[in-house]
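Undergrad: Numbers 1 to 371, taken from UniProt numbering, label the letters of the sequence shown in order.
Treat the hints with care, since some could be wrong.
As the list claims (entries may be wrong) - With beta-carbon atoms standing in for the labels, derived distance ranges:
| no. | residue 1 | residue 2 | range |
| --- | --- | --- | --- |
| 1 | D123 | G333 | 40 to 50 Å |
| 2 | S59 | S319 | 20 to 30 Å |
| 3 | G255 | T288 | 19 to 29 Å |
| 4 | K135 | K167 | 21 to 31 Å |
| 5 | K224 | Q95 | 19 to 29 Å |
| 6 | E52 | E92 | 11 to 21 Å |
| 7 | D123 | P287 | 46 to 56 Å |
| 8 | S164 | K224 | 18 to 28 Å |
| 9 | D243 | S319 | 29 to 39 Å |
| 10 | P297 | N367 | 13 to 23 Å |
| 11 | K24 | G132 | 49 to 59 Å |
Claimed, not checked - As a list, the in silico DSSO-like pairs of lysine-lysine whose alpha-carbon atoms are at most 27 Å apart:
| no. | residue 1 | residue 2 |
| --- | --- | --- |
| 12 | K32 | K89 |
| 13 | K24 | K370 |
| 14 | K118 | K136 |
| 15 | K34 | K221 |
| 16 | K249 | K34 |
None of these hints come from the bench; they were simulated from the model. Built from N, CA and C at the ideal position, the CB exists for glycine as well.
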Amino acid sequence: MNKFIFLILPILIFSGTQSKAQQKLTLKEAFKDKFLMGVAVNRYQINQSNQEETDLIASQFNALTAENDMKWMYIHPEENTFNFEQSDKLVELAQKNDMFVVGHTLVWHSQLAPWVFKSNNGDTISNEELNGRIKKHISTIVGNYKGRIDAWDVVNEALEEDGSYRKSPFYKIGGEAFIEKAFQYANAADPGAELYYNDYNLITPEKRNGAIRIINNLKSKGIKIDGVGVQAHWSLNEPSIEDIETAIKMYSETGVKVMFTELDISVLPSPWNAPTADVSVSFENNPTMNPYPNGLPDSVQTQLAKRYEEIFKLFNKHSDKIGRVTFWGLHDGLSWKNNFPIRGRTDYTLLFDRGMKPKKAFNAVINTVKD
1 MNKFIFLILP ILIFSGTQSK AQQKLTLKEA FKDKFLMGVA VNRYQINQSN QEETDLIASQ
61 FNALTAENDM KWMYIHPEEN TFNFEQSDKL VELAQKNDMF VVGHTLVWHS QLAPWVFKSN
121 NGDTISNEEL NGRIKKHIST IVGNYKGRID AWDVVNEALE EDGSYRKSPF YKIGGEAFIE
181 KAFQYANAAD PGAELYYNDY NLITPEKRNG AIRIINNLKS KGIKIDGVGV QAHWSLNEPS
241 IEDIETAIKM YSETGVKVMF TELDISVLPS PWNAPTADVS VSFENNPTMN PYPNGLPDSV
301 QTQLAKRYEE IFKLFNKHSD KIGRVTFWGL HDGLSWKNNF PIRGRTDYTL LFDRGMKPKK
361 AFNAVINTVK D
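Build out the structure end to end from the sequences listed, making use of the hints.
TA: Here it is as structure tokens:
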């Protein structure tokens with residue numbers, strides 16, 4: 001009996017050593033031969049206000065996206081005023097840590113400055129005037145970061161759920177051509193930057209087909225588009241792995257890269273029948289919609305880890321088609337899903353908890369590479 005214990009003891013010690021080494025493996029190291037691992041950062045992180053957060057960003061990720069600071073209302077608040085302070089700091093942070101930078105986003109109907117569609121006397125501007133404003137906006141911003149920002153979400157969320165064009169002021173004034181113009185202006189300002197179309201619910205057949213129509217239309221006219229950004233605001237059950245895989249294959253067949261640009265997995269019940277990211281919608285909070293205010297049960301932690309594992313196994317399978325995976329937030333405490341679509345909820349969507357410690361989901365994602 002004593003001899004048996006002596007024989008297995010080295011095995012147990014070796015096993016423990018492997019576990020500690022595995023925990024030290026970072027996301028960017030684990031996936032370095034597959035695709036970029038990115039994170040969206042807020043203003044405080046761009047300003048490096050919390051050293052622990054800065055260290056976590058630098059150690060785990062190799063791509064950066066500004067969560068809000070490069071949207072029109074912040075970077076171009078008045079017609080002749082551009083504010084590059086925060087985006088300059090984003091680029092500095094990325095360059096310091098050898099990170100890929102994504103400019104998010106150039107043309108989007110939300111978080112706009114109030115002057116964009118109005119003349120000096122308050123009337124709605126013409127299509128010609130709109131094109132001029134879009135050109136100035138894109139040419140100035142992209143030109144300012146030529147060679148320093150690697151890629152741009154040129155147009156964001158231009159589709160309705162049925163795949164038709166969203167009836168935003170951009171579309172009502174400029175028709176579908178505003179998308180073509182935006183990509184042309186971005187390419188002219190920095191021919192070396194990658195250009196993407198970005199949207200949510202791009203796994204559903206109708207909206208997926210709408211995005212493919214945009215891609216094919218641009219390509220048919222010789223207008224540069226390098227990738228499609230699939231905002232992966234998903235849940236524990238939707239969309240299915242099969243539907244995600246179908247979308248990856250169909251987007252790839254158009255000749256563009258596939259990016260999963262805003263990945264988070266909500267563990268909370270949804271007031272909708274399907275996940276979405278329409279920031280204009282909200283619902284009332286109640287205990288049924290906020291079941292885990294004091295912490296996530298271990299059984300749900302396991303569910304979340306399993307879901308991330310299934311997703312990343314699929315991503316690994318199609319890593320030749322995928323350019324980047326970006327998490328929408330650094331840790332659970334910063335996830336926008338704590339307040340959307342119901343304010344005041346407690347969600348647990350990301351790989352790091354509120355104390356910035358790796359969760360079961362983190363280890364599950366790392367293990368997909370080791371497996």
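Undergrad: Does each hint fit the structure? Answer for all of them.
TA: Going down the list of hints, with the structure as the test:
At roughly 45 Å, the beta carbons of D123 and G333 sit within the given window of 40 to 50 Å. For S59 and S319, the Cβ-Cβ distance of about 22 Å falls inside the hinted range of 20 to 30 Å, so the restraint holds. Checked against the hint of 19 to 29 Å, the C-beta distance between G255 and T288 comes to roughly 46 Å, which is inconsistent with it. For K135 and K167, the hinted distance range of 21 to 31 Å is satisfied, since their beta carbons lie about 23 Å from each other.
As the Cβ distance of K224 to Q95 is approximately 25 Å, the hint placing it in 19 to 29 Å holds. For E52 paired with E92, a C-beta distance near 19 Å keeps the hint of 11 to 21 Å intact. In this structure the supplied range 46 to 56 Å holds for D123 paired with P287, their Cβ-Cβ distance being about 48 Å. Take S164 and K224: their Cβ atoms lie about 24 Å apart, and the range 18 to 28 Å holds.
Distance hint check for D243 and S319: the Cβ-Cβ separation is about 19 Å, which falls outside the suggested range of 29 to 39 Å. Taken as a hint, the range 13 to 23 Å holds for the pair P297 and N367, whose Cβ atoms sit roughly 22 Å apart. Our hint of 49 to 59 Å for K24 and G132 holds, since their Cβ atoms are close to 53 Å apart. Note on K32 and K89: the hinted pairing holds, with a Cα-Cα distance of about 25 Å set against a maximum of 27 Å.
Simply put, K24 and K370 have alpha-carbon atoms about 13 Å apart, close enough for the 27 Å limit, and the pair holds. Of the pairs offered as hints, the one joining K118 and K136 holds, with about 15 Å between alpha carbons and a cut-off of 27 Å not exceeded. Restraint check for K34 and K221: the C-alpha separation of about 31 Å exceeds 27 Å, so the hint is violated. A distance of roughly 16 Å separates the Cα atoms of K249 and K34; the hinted pair therefore holds under the 27 Å criterion.
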